[in-house]
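Enquirer: Protein chains in written order, with the working numbering: chain A, 344 to 519; chain B, 385 to 458; chain C, -10 to 241.
You can take every hint at face value.
Listing some non-contacts, in silico: residues in chain B with all C-beta distances to chain A over 12 Å:
hint, residue
1, L396
2, A397
3, G398
4, L399
5, A405
6, L406
7, L416
8, N422
9, A427
10, A440
11, L443
12, S447
If the Cβ cut is set under 8 Å, some of the chain C residues that face chain B in the computed set are:
hint, residue
13, I174
14, A182
15, I227
Computed list of chain C residues with no C-beta within reach of chain A, every gap over 10 Å:
hint, residue
16, E74
17, F125
18, F133
19, A139
20, W145
21, A149
22, S203
23, A206
24, I207
25, T208
26, L216
No lab work stands behind these hints, which were simulated from the structure alone. Beta carbons are placed, not taken as given, at the ideal position from N, Cα and C, and that holds for glycine.
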Amino acid sequence: MATNTNAAESAYSVHPMPQLEPSFWGNQVFWLLVTLVVIYFVLSRIALPRIAAVLAERQGTITNDIAKAEELKAKAVEAEEAYNKALADARAEAQRIAAETKAAMQADLDAATAKADAEIAGKLAESEKAIAEIRANAVASVEAVAKDTAAELITALGGEADAKDVDAAVAARMKG
Amino acid sequence: MEGELAHIGAGLAGLGTGLAALGVGNVAANFLAGALRNPSAAASQTATLFIGIAFAEALGIFSFLVALLLMFAV
Amino acid sequence: MASEAQGAKEGGLEFHPMDQFIVKPLFGGDEIAWYTITNVTLWMALAVAGIIAMMVIGTSRRAIIPSRSQSIGELAYGFIYKMVEDVAGKDAVKFFPYIMTLFLFIVFANFLGLIPMSFTTTSHFAVTITLALLVFVTVTVVGFVKNGTAFLGLFWVSSAPLALRPILAIIEVISYFVRPVSHSIRLAGNVMAGHAVIKVFAGFAALAVVSPLSIVAITAMYGLEVLVAFIQAYVFTILTCVYLKDALHPSH
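Just chain A, same shape as in the assembly:
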């Protein structure tokens, strides 16, 4: 395995498998320890406390925000309840006013209707009276005309018109 040595690059010969070359070990272990110590101090002194603080702060903010949101939600629920109550009150008030108005209107209407009915009844009675008068007048006129006509007819036929008989005959006819 002599061909695998690395003699040309350096004076010493490297093991064909560099992991097993003892001259490398001390160097690697030393620099590894330096690296680890540096990383450890950077992490434990700066990075990790900072991230932990940020995470805690964020957790706090989130908790606060959630509490605030809860509060706001409760307020919103309250406001909604108040609104609903006001709405119900207003509705009841409106219903009451509507009922009152309706009753008042009904009363007015009833009064007006009664008045109109009375007026109509009065006018009706008057009219009936007038009609009755007219009818009575008319009957009297017809009787008079009938008597006259009967008397004339009798005279024309050569008879002697007896006023009493004519009246009786006309009255009998008109009854019939």
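Given chain A's structure and the hints, the job is docking chains B and C onto it.
Expert: The following block gives chains B and C in isolation, referenced to the frame of chain A:
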């Protein structure tokens, strides 16, 4: 002659790498079978899966290492 | 790389697949001492720069409503924090910066290693064994400090029949001490294997006949490596959490 024997040994040791592949496949296959039966428990067991794979894989790596040692260090 | 050309002729490859893992001094010189500034230093420094950019500069505005860069940082924070809490328990949270360090370093090293021509620091066993030993030592020390000798109950399986317990104890002890080995080799092995395989396919691309196939294979492997880069970091971190849980609650 000794070097040639070492190379044959290295080749034989290299078989172990392939056998470790069987082991890793076995771990992953069983995990998948279990995960499909109970998917809700799968997420909590991925760490165990990786540890199992790493252990199976490590033994294959050991045989690879033996092969390398036979090649270069004997 | 003259000698490699020679080696390549024998192996049939234009370059050696393991050459990408060679540690080189950045400013000349041949000797690599423990303090030499090498490509390891460069790529680890880039990882540090990336972590600072993501976790410090990205979050510098501290916005309640995060910007995109800030949410990336917060996402990484939440991801690892939840993992530590879920896997290792609530009392493991004080190890969170340590675990976050490991995770971010491995993630950034893995992904920076996927840049072509880069150097992958996590492909070296020296690096990952150091990481794993740090975890191992931490876990062991924490276990003994928290639980005293009760931590040894981890090895004494009280639910098993009495006759079996010594045998199980031996197995448990062995498996406990093998932990850092498997922990580190898993990471470095995965990363190294992927990179080496990509390089092998790249070597085949020199033959005009197979080069289209080889390019397709490199693309597929690259996709797999992106996945592996994250999963290995994830697995390393979650195993750290598992070990930590053993140390904090050694109820076997």
